[in-house]
Amino acid sequence: MKSAWHKVLFSFALVLMFALAACGGNDEEEENAASGENESDSSKTIEFMHLWPEGSSKQHHEIVNSIIDEFESDHPDVTVDVEILGNEQYKEKLKVLSTSNELPDVGMTWAAGFLDPYVGGDMFAPLDDILEGPLKDKFVAGTAEAYAVDDVTYGLPLELNITPLYYNQRIFDENGVEVPGTFEELKEAIQTLADNGVTPVALGNKDRWTGSMWYMYLADRIGGSKALNSAIDRTGSFEDPALIQAAEEIQELVDMDAFINGFNGLGNDEAKGYFINEQAAMYLMATWDLPEWTTNEDNPQEFRDSVDYAKFPTVEGGEGDANSYVGGPGVGLFVAENSDVKDEAKEFVSFFVEKWGERSVTDAGVIPATVVDTEGLDLPQMYIDILNDLNEASNLTLYADVQMSAGVADVHLDSIQALFGKAITPEEFAKQQEDALAAEE
Amino acid sequence: MNKVMSNKAVIALYVLPAFILIVALIYGPILITGYYGLMDWDGIGAKTFVGLDNYMELIKDAKFWQSAYHSFLLAFFSTLSLVPYLAISLILAGKVKGSDLLRKIYLIPMLLSSVAIAQLWVKIYDPNNGMLNSLLTMVGVENPPAWLADTNLVLYAIFVAILWQYAGFYIIIYYAALKGIPESLVEAAKIDGASPIQIAYKIKVPLISGVIKVTVVLAIVGSLKYFDLIYVMTGGGPNGASEVIASYMYKKAFDTFDFGYGSAIAFFLLLITLIVTWITRKLTASEDEIQY
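Taken in order, these protein sequences are the chains called A and B. In terms of UniProt numbering, the first sequence opens at residue 1 and continues consecutively. In terms of UniProt numbering, the second sequence opens at residue 1 and continues consecutively.
Check each hint, because a few of them may be wrong.
Stated by the list, open to error - No more than 30 Å apart at the CA atoms, straight line, and that leaves these computed lysine-lysine pairs for DSSO-like:
no., chain 1, residue 1, chain 2, residue 2
1, A, Lys138, A, Lys342
2, A, Lys91, B, Lys63
3, A, Lys431, B, Lys63
4, B, Lys179, A, Lys272
5, B, Lys47, A, Lys342
6, A, Lys272, A, Lys138
7, B, Lys47, B, Lys104
8, A, Lys422, B, Lys123
9, B, Lys104, B, Lys123
10, A, Lys422, B, Lys60
11, B, Lys202, A, Lys422
12, B, Lys47, A, Lys91
13, A, Lys93, B, Lys47
14, B, Lys225, A, Lys95
15, B, Lys47, B, Lys97
16, B, Lys179, B, Lys282
17, A, Lys91, B, Lys202
18, A, Lys95, B, Lys63
19, B, Lys97, A, Lys431
20, B, Lys225, A, Lys93
21, B, Lys179, B, Lys202
22, A, Lys95, B, Lys47
Claimed, not checked - Okay, the calculated beta carbon distance ranges per label pair:
no., chain 1, residue 1, chain 2, residue 2, range
23, B, Val139, A, Ala194, 23 to 31 Å
24, A, Pro134, B, Pro17, 32 to 40 Å
25, A, Ala310, B, Ile275, 53 to 61 Å
26, A, Ser66, B, Gly51, 52 to 60 Å
27, A, Ala194, B, Lys47, 30 to 38 Å
28, B, Lys123, A, Gly133, 32 to 40 Å
29, B, Tyr55, A, Gly86, 34 to 42 Å
30, A, Pro126, B, Leu111, 28 to 36 Å
31, B, Ala46, A, Gln59, 38 to 46 Å
Unchecked claim - Residues from chain A that keep clear of chain B, each with C-beta distances beyond 10 Å, as calculated:
no., residue
32, Arg208
33, Glu249
34, Asn261
35, Gln279
No wet-lab data here; the hints were simulated from the structure. Every residue, glycine too, gets a C-beta built ideally from N, C-alpha and C.
Based on the provided sequences and hints, a complete structural model is requested.
Pasting the structure below:
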């Protein structure tokens, strides 16, 4: 009896071993089959990886599918092979694929800091020929530039986010506060609200980039659009008086209790919760939250009606103007340098960007990086206003943590949290970042 | 069966699958981590060999030592907390009414996932709408602290959540060990006139000293490599006030793409845990094996 058991176990183990071995072999066979197919009937396959699964980004997903269908029917000899992953898995997989030099022909990337290592490793193909050719002057100023390294563009942006100051009109009315146009007025408004026991600003600074937006705007309004950028690209210094003054203003706001109690321990989602619950009057956040204030049925109609937005106020005597925005393109498309269907891939990318620009706002509520003609679009008024503002934008300053390399970005974000928490002085704040930037030169 | 088990080839066959898995998934990666620790590597591009540079930098890195201090602080409090857990188990293992129900209540946190626990405590600690501060305001505290935003309090606020999370685990271990003590020993002591406190302190605790040693090691090692609650609740902030070794390692490797340095921290953490485990074993070693 015992030996019978032994036989059973043994054969089971053997079967398992073969099963495992078979699993390992399968992939290769499939790959061979796929590449064999390519050679035999001259049809070409573009591998395309994106990060909008049907479950979590339904509208994005559908637009992508219909663009691909359209492309395939225009190009009967090309098939687009799609692979979809969630955001974090996507980043991981892209990294792994790049180490083995097996990137998909077309995929999604983020701007500046994310792009750098891939460009350094010659993984992405330059796309300047598309920018100069079919897509010339289609992009909002400053968006495609965010994907450039040494003046060569390696990605074409799909999304664009700017950062308006949202406010709750009902709370403003109840406290007799006017919409601030200048920083002085903003401070008065904050003072009035704080005196009335209303939280002026919802801020989730546990995430750090949220506070960075406030700092970046003040730096822009005081020192002009070049001050922060030139400190980061090393044509200037972070110890610029304007950048230090911006840090001082932040601490003054903290002293006035402008920001919600315990902001350094709150995440952005929690802070947004306060704004949606009408427990805070203002909220500085990018336009990716527009659906929350317009179309999202989960939020009460009454609240959505009372939310409006303003451009970040100007500082008296400062150099920046109200039409300069902090923001950034979201994801963009890249073409792999070692792609064997590079021409088709480039054609696909350019086709995709154009079609996406036509449909993303109306179908998914995403502002594309290409210029949108608002005439005749059926959209909530807030979208129309923001799209029109964008057409008048004088400058777009890319989020500082995206502009910087990952290591310096971490120093910047930590310094932001320390500055808001009053653990360091404005001078120390500037010096820490100057040191980190200088060390990397 | 005996014949089969004495056959070396068969033994090897049975041991092999587990052995291969352990080597491939645990010991292999440990060695590779040590190797990566000698590189300057962003996780994507080429690796450059830099020798012990990462480790030299680590030794001078004030932020690392601050996070190491926090990890050791957690280890200290975790070990200290074993005393009340033992006391609770002693009571539960005695014939207390409803001890069955209480035991289950203590175990519930163990059954929740760490992220759920973190979210729960984030809600409790919320500075304005949170349960804790609402309670404090109700009893008349003017300015209740903003727990997770206060650099002086945040670490301890998280410790409370961590200790709460593991209470059930240790209580169930002690409870099981105490239930294993033969009833006859306790009865003999009772006949000799020992008080319940004497029974607990002089008989029960010494009898489960082996288990206690194991829990001490578990608590210390577990604390040193602790990560999840801290990562979800504060991400190590504000200003690194709740950073521990593991969260600092994660930050370096995955947020700043410094995989070489991250690997060096990971390897150093392994060394620290090994040394501390060894010291703990030495300090708690005793000659006599317990026999019932």
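Check your understanding: In ascending order, which of the hints set out earlier in this document are inconsistent with the structure?
Key -> The structure conflicts with hints 4, 6, 7, 11, 15, 17, 19, 24, 27, 28, 30, 32, 34, 35, although it agrees with all the remaining ones.
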